Amino acid sequence: MTATMEPTKGGFGTRMLRKEDPKLLTGENQFIDDIKAPGQLWMGMVRSTFAHATIDSIDSSAAEAMPNVHSVLTGAQLSEMGLWQAPLPCAWPVTDDMVNPPHYPVAISEAKHVGDIVAVVLCSDRYSVADAVEQVVVDYTPLPAAASLQDAVDGKAMAHSDLDTNKAFHWPLDPNPEGTAAAFADAVHTVTATFTQQRLLPMPMEPRGCLAVPSPAGGEIVFYSATQVPHILKVMIAATSGIPENKIRVIAPSVGGGFGGKLNVDADALLAVTLANHLGLPVRWTEQRSEGAGASHQGRGQIQHVEAAADADGKVTAVKVHLDADMGAYMMLITPGVPLLGSFLYTGVYDIANLSFSCDGYFTNLTPTDAYRGAGRPEASYAIERIMDMMAGKVGITPEEIRSRNYINGGEHFENFDAASTLTFDSGHYKPAHDRALEMADVAGLRTEQARRRDAGEAKQLGIGMCTYVEICGLAPSRALGGLNYGAGGWEHATVRLLPTGKVEVVSGSTPHGQGHETAWSQIIAEKMGIDPNDVEVLHSDTALSPLGLDTYGSRSLAVGGVAIAMAADKVVDKAKLIAAHQFEAAPEDIEFVDGSFSVAGSPSKSVHIQELGFAAFAAHDLPDGMEPNLQEQVNFDPPNFAFPFGTHVAVVEIDTETGGIDLIDYVGVDDCGIQVNPLIVEGQVHGGIVQGAAQALFEEAVYDADGNITNPSLMDYLVPSAMEMPNIQLDSTVTPSTTNPLGVKGVGEAGTIGSAAAVINAVCDALSPYGVTDIEMPATPQRIWNAINGGAA
Amino acid sequence: MQVSMTVNGASHSHDIEPRTLLVHHIREGVGLTGTNIGCDTSSCGACTVHVGGQSVKSCTMLAVQAEGEAITTIEGLAGQAQADGSATGDQNWHPMQEAFQQCHALQCGYCTPGMVMAATSFLNENPNPTEDQIREGLEGNLCRCTGYHNIVKAVQSAAGDAA
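Line by line, the protein sequences give chains A and B.
Each residue of the first sequence is one higher than the one before, starting from 1 at the first, in our numbering.
Each residue of the second sequence is one higher than the one before, starting from 1 at the first, in our numbering.
No lab work stands behind these hints: they were computed from the structure.
Values in this document were obtained by computation on a predicted structure and should not be read as measured data.
C-beta: ideal position from N, C-alpha, C; glycine also.
There may be inaccurate statements among the hints.
[Unchecked claim] Incomplete in silico selection of chain B near chain A, CB under 8 angstroms:
#1 Leu32
#2 Gln101
#3 Cys111
Construct the complete structure from the given sequences, taking the supplied hints into account.
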């Protein structure tokens, strides 16, 4: 089942070592905190220590009297300065009547969450700014706070004092309500469950940060940001600050991970840009790790009410879902859209005829939520995969059997399947991945060992869990986004240039933060143009070099941006072929292109390599009549559909039933992301994704107290797993080409995360089934496991 | 106050605030920005350097505590390997740098300098570790991209090459 693609000269399927690595392995590259500007001011934020409070007064005199302090500015002062023309943007008003109170970078009269900015301090150095922030005295009057999603749903307090509801929107997806009702009426088996998707902190290893460098005479501003979305930032900064878009240049230097956590348009960006522009001085900000939990957005934050109906054989006929989704205090860039991204996946990889979905978004007095790796899709995958295991228990069959009975097209290969959600799955072939994962994990052997331990009454019990996921990648067809009220498109831009000396420049609209775009894009050129990938340079992440783009999120870079590059490369080859034909005095249709060389069919001795034509196109001494000089082509690719990667994961846990201690002892993933450009990179993406999902299952949660204070904002308290907690991961893959794009690629950035939380929790519940446990809340900590075993609240 | 130390073989003497952390001194005083800062609780290990040959999280130490010490950062690791004859591969790097690239043990690269410095120090102390010992030995260094799988492989590979 392993991919058997023939690698040629760095083309598709080659495990090429990454071109990015040398700079990163020697400290030569520059992250945001490595960049300095002469005369720069350090910006620090005074942040609310209350979840909800009126701001009665701010005394900044002590701070202003400190050496090295440039100024202290409150929300009221900043407002009077007129630095911005519009509130911070939400690009995804999911319904026409969505409630969206204005969200300005600095709170003026009322703080809405712990971490909300109430004043800004500017100093000449890093240490002084931390000192000065502590000297600003703010008088607050606490207000009742909606300190959890359930409190907000129950209306215990209003998150926004000027609103009489916490509900921001109601969004339904119910294509056939009669069908769902009939399926439940006819059901032999039903399952009802409620799952909590706890809040998570994205925690890329590099904290966020930015540096705005103005040019007072010219009016331009260069904005360096540790961002996933330089192009979106440029548009949004212009729209909110009123600075002309063509005076703004955004540069994302090396970015130390994102996982969604760096795709927002945050207050810090607006403050740095507008203050730098106003003062005529560079302004920088570096997030402190413990500040991040309140300064940038968090992920997940949903309560899922799920019901499923099945016939006597366990064939699932309908799924009904209601989500309550925690928006946090404000709508950030795509906050309300995140749960919608999952809505289409609640029928998973199964041929389930009916889906009824609705989502209510609620404001709370907590840090805003937004995208975190998978964004809506891990939540959906978790729900349906937990439900399938529960249904298997009801029917009295194994988890693998119920899946086999429900796969689309019986698990055999299919193309263009119309799902109940109204989306069309591009392609799938689920059974091979399923069979391979069970074989690699030796599920049969594990079950024997599990039975032996149960019979022997051993303290350490085994649990085996599986998950067969599908995800939506390649965000996104612009028309589909328009239909969902998203405020932008989903295309991607690419330019390919063959330079006079035969080297290639690729301009990429999608921007890396660890994915290896420079390597993968070079391999696309190798595949399409027969050019050594080391002759390719990829220009990206700077809006002056790459003016058009929609950046990186939603596993879209390859399936949209990579496809654009391949199409632009094809156009360069097509034009070069005309030049070759002209040189050979042959008809273009008689020219063959093999391994980078053009030759006349039938006379292979006469040939010219495409790299040799770069100079001819540049010099333009003898081009075909009417042809423009130079070999440079661009493409803006708007995909006709999403891509739907899938796979089967198996997790094996060992639980100490005396202490509740848990070890993840084995993990198998068999993933299908379509055609693979670089399997080395694919595997790395899956490894990291699996660990992030497993971490949601076992370790991670942003824990809030009853007053809305986060109790674990630092890496001391928030349990990002170390190497100790994770097992060796066994991977394999199958290859089912996508029908959405000409490369047949799907996307893999979020796959691991989408598969792993459900696999791990299914394994935990399997281990605990002799104790009558059918569900456990995430993270499944030793305490929760012990409680579940001993009959307490899980 | 005045502080003097050797960083990657070169002498550096600066007048600094006494409270300056070693990591800030290396980055902003000495001007070597390869050493990264990932947290504020000495949890992540991104700032790991060698002080007198031992791995140290450089945010746990004041610069003045490194008075007279010999520091090695990621920028100096290849040179050190070249000097002691252990450099390897086309790039003439330290074997751990080479192993990290060969095994795809880095993605965004932010934890990488600290991870490489911690791993080299670990192998100096335990040249033939088991997989569990490697995982335990790198417990103080967090990575969010790789799931550690390929980092463990890289350390095994570097250990094998050195053996």
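Going back to the hint list, which numbers does this structure go against?
-> Checked against the structure, no hint fails, so every one of them is satisfied.
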